[in-house]
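Visitor: Chains A and B, in that order, give the protein sequences.
Sequential numbering from 10 applies to the first sequence in the numbering used here.
Sequential numbering from 124 applies to the second sequence in the numbering used here.
I should point out that these hints are in silico values taken from the structure, not numbers from a laboratory.
The model shown is predicted, which means the values in this text are computed figures rather than measured ones.
All C-beta atoms in this analysis are idealised placements derived from N, C-alpha and C, irrespective of residue type, glycine included.
Hints should not be assumed to be uniformly reliable.
[What the hints assert, rightly or not] Here are some of the chain B residues that sit facing chain A, going by a computed Cβ distance under 10 angstroms: (1) Asn-135; (2) Gly-145; (3) Val-207; (4) Ser-208; (5) Ala-225; (6) Gly-231; (7) Val-233; (8) Tyr-236.
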Amino acid sequence: MAKEQSFWQRRYPGSETVGLTLREYGRGLIGGFIFSLPLLYTMEMWWSGFVVKPAYLLAAVIANCLLLMGYNRFAGMRDSYSWLDIAKDSVEEFFLGAVTAFLILLMLGRIHFQMSLDEILGKVIVETLAVAIGFSVGTSQLGGEEKEEGKQDQAKQGEKGKDESDGYFHGEGGLVKEIVLAICGSFLFAASIAPTEEILLVAVSIQPLHALALVTASLVLSSVVLYFSNFKGSLEIRSAYKMAFEVGVNYCVALVVSLGFLWFFDRLHGIQTSVFTLVVLAFPASIGASAGRMLIR
Amino acid sequence: MKEESERKIHFNGLQLIVAFLGAVLLFSLIAYLVYQIATGNWRPPELRITYSHEPQLPNNSFKVVVENVGAKTARSVNIMFGYVSPDGKTQTTTMVIDYIPARSTEEGWVVFYTGSVGVGELKVLSANFLKP
């Protein structure tokens, strides 16, 4: 018996059913919780909502949207093909992330309607940044058959368009894709640690030798994850130069993401403390950049 | 050309509604933040402290309302109160509040165990806070 189609599906044969979309949203919600629930329960995150300057919040919202678009371009919610589709996916995730963050903060009593609008918006915006990325990763990674079918379709499409899109920088497995995934992985790992006071506490108490050990451990662990762990999607050693380059890019991504977090949470004070704080946060961020990039592709 | 049309995604009604609401929310937030930056009021925190006696509570209890009417958050707020009881005894106490966001209000109570009958006089002796 033929399955009955909705008006929308008859009008646009390629479109999803509403039920399928709701299931996607459900997956996204669970993904959002998996990756961002600790942040919704972290008081430094609530505080940063009203401490952070509006210009920083604006920069964070724009950076978050760009990151969502980057992730959706390479591994996101649906196998989107045009930038307009990717933008639509991204604003959907941003909206659902914002609604989720708002409702959870409301249920936890962290926002109420006697608060000033600035405070409510600040708290919701800060939490949305992580929830929206978690939403996107969750929808993409927690899917079953539909996602696998989608990936196979995408692989076929990729074969067709190989001549125009493949390459060292932009193709499947290209540098741009790897950097975007590394940024997402790094963001998700570092986000739950960056707002805490402990980062600063560690940074002011360690010696240069500790910092050097952290940098070495970050590089070694990244190499292990990328080349020796047999993770899904781990890389083959082709040359020592290529390996050093990949690990170096990975660590640079972790440093840039960590620097962004420290700037946003106003944790950069004095050169030595800032460098140490950066190194301390870059350790989890580099693990996120390497492991995350394998797991969330 | 045919391949291009096959690759085009048709979003269903629910997806379009959510995407539309998302776009409205995103642009509204950006507009609000840009407005805040453009009309930036960089006045430092300014605390208004009011208090009232609470006769229904035991001892000498006072309800304290601290409002930050400035444009910036005040961190580690310390407010010192002095209380002079009807028999002339003096006591001091300090209220500590982690944060008072701009245009927000915090409420609390101070209680003095003087053992004397009647209500004395409460005064704010000092208030200090840090930049976040």
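Visitor: Against this structure, judge whether each hint is valid.
Guide: Going through the hints against the structure:
1. Asn-135: 5 angstroms, holds
2. Gly-145: Result: holds, 3 angstroms to nearest chain A Cβ.
3. Val-207: 33 angstroms, violated
4. Ser-208: Since the shortest Cβ distance to chain A is 34 angstroms, the answer is violated.
5. Ala-225: 6 angstroms, holds
6. Gly-231: 15 angstroms, violated
7. Val-233: The hint is violated - Val-233(B) has no Cβ within 10 angstroms of chain A, the shortest such distance being about 22 angstroms.
8. Tyr-236: 31 angstroms, violated
In this structure, the earlier hints numbered 3, 4, 6, 7, 8 are contradicted, and the remaining ones agree with it.
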